[in-house]
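Residue-level listing of the chains:
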Amino acid sequence: AQKVTQAQTEISVVEKEDVTLDCVYETRDTTYYLFWYKQPPSGELVFLIRRNSFDEQNEISGRYSWNFQKSTSSFNFTITASQVVDSAVYFCALSEAESNSGYALNFGKGTSLLVTP
Amino acid sequence: EAGVVQSPRYKIIEKKQPVAFWCNPISGHNTLYWYRQNLGQGPELLIRYENEEAVDDSQLPKDRFSAERLKGVDSTLKIQPAELGDSAVYLCASSLDWQGDLTNYGYTFGSGTRLTVV
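Just so you know, the protein sequences line up as chains A and B, in that order.
Taken in order, the first sequence gives residues 1 to 117; the numbers are from my numbering.
Taken in order, the second sequence gives residues 1 to 118; the numbers are from my numbering.
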């Protein structure tokens with residue numbers, strides 16, 4: 001079963017629009033980590049944020065913000081005033097501390113974001 | 001501090017040929033992972049090492065894939081013989097073990113090796 005679901009396959013916005021990327025996860029662990037990564041066309045995975053399951057405080061970093069809600073098992077990512085350089089594939093990932101996975105990451109299928117001028 | 005280093009960056013081989021990828025993790029990271037990312041998909045775990053020991057290789061196609069991590073540092077992933085369906089990006093990552101302090105948990109990916117089998 002897919003542990004991380006990113007329902008949005010592709011999103012296209014015009015520059016300066018706000019955009020939210022959805023992520024829903026599934027786990028039985030009480031201790032886990034959630035991640036967002038950016039993968040630009042060059043291919044490398046760029047770390048954006050890590051959140052542990054005990055910290056539901058939302059976070060803002062410049063134009064980026066994250067909304068973590070355990071009640072709905074969601075960890076959504078919002079880009080405010082999007083820019084062309086934000087165009088990339090964004091991955092949400094889950095790492096479970098209590099299973100025998102050794103913190104291996106379960107990735108969603110990614111959301112491809114296209115920001116046009 | 002150097003990140004996770006992978007080589008080669010790109011590799012094109014004919015099917016049935018062997019190929020090997022190399023990974024040098026971040027110094028001090030005792031856990032090393034190999035992931036495969038197929039086109040249009042998220043990365044999927046192939047194998048996880050804790051020091052020299054492969055503790056999770058359940059997703060590694062053992063008929064043609066092999067991996068090793070000598071001395072618990074560098075790692076090599078090999079495919080022999082390669083098939084067309086092996087074309088993908090192979091990513092290496094390393095992390096610290098959780099020492100009871102959640103803030104110590106670090107996870108870093110290399111730039112990957114893009115394999116094309118023709």
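Simulated from the structure, these hints should not be mistaken for laboratory data.
Worth double-checking, as some hints may not be accurate.
Said to hold, decoys possible - Derived coverage of chain B by chain A (criterion: at least 3 residues anywhere in the stretch with Cβ under 8 Å from a Cβ of chain A; other residues may be distant):
(1) 44–51
(2) 82–95
To be verified - In silico BS3-like cross-links for lysine-lysine, where the CA-CA straight-line distance does not exceed 30 Å:
(3) A/K109 / A/K16
(4) A/K3 / A/K70
(5) B/K71 / B/K11
(6) B/K11 / B/K62
(7) A/K38 / A/K16
(8) B/K15 / A/K109
(9) B/K62 / B/K15
(10) B/K16 / A/K38
(11) A/K38 / A/K109
(12) B/K16 / B/K62
(13) A/K109 / A/K3
(14) A/K70 / B/K15
(15) A/K3 / B/K15
(16) B/K11 / A/K38
(17) B/K62 / B/K78
(18) B/K78 / A/K38
(19) A/K109 / A/K70
(20) B/K78 / B/K15
(21) A/K3 / A/K38
(22) B/K71 / A/K109
(23) B/K71 / A/K3
(24) B/K11 / B/K78
Using N, Cα and C, we set each Cβ at its ideal position, and we do this for glycine too.
Has the given pair, B/K62 with B/K78, been kept, meaning a C-alpha gap of at most 30 Å?
-> Judged against 30 Å, a Cα distance of about 10 Å means the pair holds.
Would you check the hint for A/K3 and A/K70, treating anything up to 30 Å between C-alpha atoms as holding?
-> 14 Å, holds
Is it true that the CA of B/K11 sits at most 30 Å from the CA of A/K38?
-> 23 Å, holds
Is it true that the CA of B/K71 sits at most 30 Å from the CA of A/K109?
-> 34 Å, violated
Has the given pair, A/K109 with A/K16, been kept, meaning a C-alpha gap of at most 30 Å?
-> 26 Å, holds
30 Å limit on alpha-carbon distance, applied to hinted pair B/K71 and B/K11 = Holds, because 26 Å separates the two Cα atoms, which is no more than 30 Å.
CA of A/K109 to CA of A/K3, is that 30 Å or under?
-> Distance of about 11 Å is within 30 Å: holds.
Given hint A/K38 paired with B/K16 - CA-CA distance at most 30 Å | Violated. B/K16 to A/K38 sits at ~33 Å, over the 30 Å cutoff.
Holds or violated: are the alpha carbons of A/K3 and B/K15 at most 30 Å from each other?
-> It is violated: about 33 Å lies between the C-alpha atoms, which goes past 30 Å.
Has the given pair, A/K109 with A/K70, been kept, meaning a C-alpha gap of at most 30 Å?
-> Holds. A/K109 to A/K70 sits at ~21 Å (cutoff 30 Å).
Taking 30 Å as the top limit, are the C-alpha atoms of B/K62 and B/K15 close enough?
-> Judged against 30 Å, a Cα distance of about 17 Å means the pair holds.
Hinted pair B/K15 and A/K109, Cα distance within 30 Å | 27 Å, holds
In terms of the numbered hints stated before, the structure departs from hints 10, 14, 15, 22, 23, listed from lowest to highest.
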